[in-house]
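J.: Sequence:
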Amino acid sequence: MALTIAPSILSANFARLGEDVSLVENAGIDMLHIDIMDGHFVPNISIGPAVVGSLRKVSSLEFDVHLMIEHPEKYVEDFVKAGADSITIHAEATRHLHRAIQQIKSLGVNVGVALNPATPLEMLTYVLQELDVVLLMTVNPGFGGQKFIQEVLPKVVALSGILKEVNPLCRIEVDGGINVETARLVSKAGAEILVAGAAVFASPDPQQAIRDILEAAKEEQGTNKSKRFRGIKQ
0 MALTIAPSIL
10 SANFARLGED
20 VSLVENAGID
30 MLHIDIMDGH
40 FVPNISIGPA
50 VVGSLRKVSS
60 LEFDVHLMIE
70 HPEKYVEDFV
80 KAGADSITIH
90 AEATRHLHRA
100 IQQIKSLGVN
110 VGVALNPATP
120 LEMLTYVLQE
130 LDVVLLMTVN
140 PGFGGQKFIQ
150 EVLPKVVALS
160 GILKEVNPLC
170 RIEVDGGINV
180 ETARLVSKAG
190 AEILVAGAAV
200 FASPDPQQAI
210 RDILEAAKEE
220 QGTNKSKRFR
230 GIKQ
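Mapping of the sequence shown onto numbering that gives the first Met the number 0: position 198 corresponds to residue 197, and the numbering continues sequentially without gaps.
It should be emphasised that the hints constitute simulated quantities derived from the structure, not laboratory data.
Idealized CB from N, CA, C, for every residue including glycine.
The reader is advised that the hints may include incorrect statements.
As the list claims (entries may be wrong) - FRET-style restraints, in silico, Cβ to Cβ:
1) ASN25 with VAL50: 12 to 22 Å
2) THR118 with GLY160: 33 to 43 Å
3) SER105 with GLN207: 16 to 26 Å
4) HIS95 with ASN12: 15 to 25 Å
5) GLN220 with LYS73: 21 to 31 Å
6) GLN207 with LYS73: 23 to 33 Å
7) SER105 with ASN12: 33 to 43 Å
8) ALA201 with GLY27: 11 to 21 Å
9) GLY38 with PRO116: 36 to 46 Å
10) PRO116 with ARG210: 36 to 46 Å
11) GLU72 with ALA117: 19 to 29 Å
12) PRO203 with TYR125: 21 to 31 Å
13) ILE161 with ASN25: 14 to 24 Å
To be verified - Derived lysine to any residue pairs resembling SDA-like cross-links, with alpha carbons at most 20 Å apart:
14) LYS56 with HIS97
15) LYS80 with SER45
16) LYS80 with PRO116
17) LYS104 with GLN128
18) LYS163 with THR3
19) LYS73 with HIS97
20) LYS104 with PRO119
21) LYS217 with MET30
22) LYS163 with PRO119
23) LYS56 with ASP84
24) LYS104 with THR124
25) LYS146 with THR124
26) LYS80 with GLU61
27) LYS56 with ILE46
28) LYS56 with SER21
29) LYS217 with ILE46
30) LYS217 with SER53
31) LYS163 with GLN220
32) LYS104 with LYS146
33) LYS56 with GLN101
34) LYS217 with GLY27
35) LYS56 with GLU76
36) LYS56 with LYS104
37) LYS80 with THR124
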């Protein structure tokens, strides 16, 4: 599948959010990553459906809404109504994961499940066939600009192998610490959607940053054939 760079607005300038979104949209991207945080599941608070709805009025991008919130079932419909094209919830944030997945599917949008760095893939054993996306966090969620956790790379490799057997249409998304260097690593491991925040919006030229990350990822896409992964050289 084609590689996708999804800029995360968590690192954008909220005083000029519409302008920042237009800037990256003009770089030729297809997807915008929107982090929703509640101050409970993660320590930070970000935005709600009203902001998503406002952005929907000025952008035709695919809105990849990542709910880092407790009890996501209570809010998914609000975000779909606001303009979300894809809803990703955390396996750790709901007691009834299968029910929540079915709820999202019934609303006619793509559904994803996210796992924190220390959460094993086994959490998804009985729901993988239902998913359009699995998002693997490569930082601990809650804040932008964190350092990439390279220990997640073997999990990306393992998930890639599993999905080839049980759900080959499901895409692997990675979120956290993505830049030119780490884009090569996650792409090699099997990731197809790369969420990039600070590497894009903190760059003096966000459009060029997107092109550089995409080019680096393309160089390594799917080249890892081993179940073991060495990661970043120390």
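J.: Hint by hint, note whether the structure agrees.
T.: Comparing the hints with the structure gives:
In this structure the hint that ASN25 and VAL50 lie 12 to 22 Å apart at CB holds, the actual value being about 21 Å. A hinted range of 33 to 43 Å is violated for the C-beta pair THR118 and GLY160, which are about 18 Å apart. Taken as a hint, the range 16 to 26 Å is violated for the pair SER105 and GLN207, whose Cβ atoms sit roughly 41 Å apart. Range check, HIS95 to ASN12: Cβ separation about 38 Å, and the 15 to 25 Å hint is violated.
Taking 21 to 31 Å as the suggested C-beta distance range, the pair GLN220 and LYS73 does not conform, at roughly 38 Å. The supplied range of 23 to 33 Å is broken by GLN207 and LYS73, whose beta-carbon atoms lie about 40 Å from each other. One distance hint, 33 to 43 Å for the beta-carbon pair SER105 and ASN12, holds here, with the actual separation near 36 Å. Judged by the Cβ atoms, the range 11 to 21 Å given for ALA201 and GLY27 holds: they are separated by roughly 20 Å.
Checked against the hint of 36 to 46 Å, the pair GLY38 and PRO116 fails, with Cβ atoms roughly 20 Å apart. In this structure the hint that PRO116 and ARG210 lie 36 to 46 Å apart at CB is violated, the actual value being about 28 Å. Between GLU72 and ALA117 the beta carbons are some 24 Å apart, a value that agrees with the proposed interval 19 to 29 Å. Against the hinted window of 21 to 31 Å, the Cβ-Cβ separation of PRO203 and TYR125 comes to about 46 Å, which falls outside the hint.
Here the CB-CB span from ILE161 to ASN25 is close to 37 Å, at odds with the stated 14 to 24 Å. Distance restraint check for LYS56 and HIS97: the Cα-Cα separation of roughly 32 Å exceeds the 20 Å cut-off, and the hinted pair is therefore not satisfied. For the hint pairing LYS80 with SER45, the CA-to-CA distance comes to about 19 Å; that is within 20 Å, so the pair holds. Our distance criterion of 20 Å between C-alpha atoms is broken by LYS80 and PRO116, whose separation comes to about 30 Å.
Using a Cα cut-off of 20 Å, the hinted pair LYS104 and GLN128 holds, with the two alpha carbons roughly 13 Å apart. The hinted pair formed by LYS163 and THR3 meets the criterion: a straight-line CA distance of about 19 Å does not exceed 20 Å. Annotation: proposed proximity of LYS73 to HIS97 holds, straight-line Cα distance about 15 Å (limit 20 Å). Under the criterion of a C-alpha separation no larger than 20 Å, the hint pairing LYS104 with PRO119 is inconsistent with the structure, at around 24 Å.
Between LYS217 and MET30, the direct Cα distance comes to roughly 17 Å. Compliance with the 20 Å bound is thereby established for this hinted pair. For the given pair, LYS163 sits about 18 Å from PRO119 by alpha-carbon distance, which is consistent with the 20 Å threshold. The suggested pairing of LYS56 with ASP84 holds, with an alpha-carbon distance near 14 Å, which does not exceed 20 Å. Restraint check for LYS104 and THR124: the C-alpha separation of about 18 Å stays at or below 20 Å, so the hint holds.
Distance restraint check for LYS146 and THR124: the Cα-Cα separation of roughly 28 Å exceeds the 20 Å cut-off, and the hinted pair is therefore not satisfied. Annotation: proposed proximity of LYS80 to GLU61 holds, straight-line Cα distance about 14 Å (limit 20 Å). Using a Cα cut-off of 20 Å, the hinted pair LYS56 and ILE46 holds, with the two alpha carbons roughly 16 Å apart. The suggested pairing of LYS56 with SER21 holds, with an alpha-carbon distance near 12 Å, which does not exceed 20 Å.
Straight-line distance between C-alpha atoms of LYS217 and ILE46 comes to about 32 Å, which puts the hinted pair past the 20 Å bound. At most 20 Å may separate the alpha-carbon atoms for a hinted pair to count; LYS217 and SER53 exceed this at roughly 33 Å. For the hint pairing LYS163 with GLN220, the CA-to-CA distance comes to about 15 Å; that is within 20 Å, so the pair holds. Between the alpha carbons of LYS104 and LYS146 the distance comes to roughly 33 Å, so the proposed pair goes past 20 Å and is violated.
Restraint check for LYS56 and GLN101: not satisfied, since their Cα atoms lie roughly 28 Å apart, outside the 20 Å limit. In summary, the hint linking LYS217 to GLY27 is supported, as the alpha carbons are separated by about 16 Å, within the 20 Å threshold. The suggested pairing of LYS56 with GLU76 holds, with an alpha-carbon distance near 18 Å, which does not exceed 20 Å. Taking the CA atoms of LYS56 and LYS104, the gap is about 24 Å. The hint is violated against a cut of 20 Å.
Taking the CA atoms of LYS80 and THR124, the gap is near 30 Å; set against the 20 Å cutoff, the hint is violated.
In summary, the numbered hints that this structure violates are 2, 3, 4, 5, 6, 9, 10, 12, 13, 14, 16, 20, 25, 29, 30, 32, 33, 36, 37.
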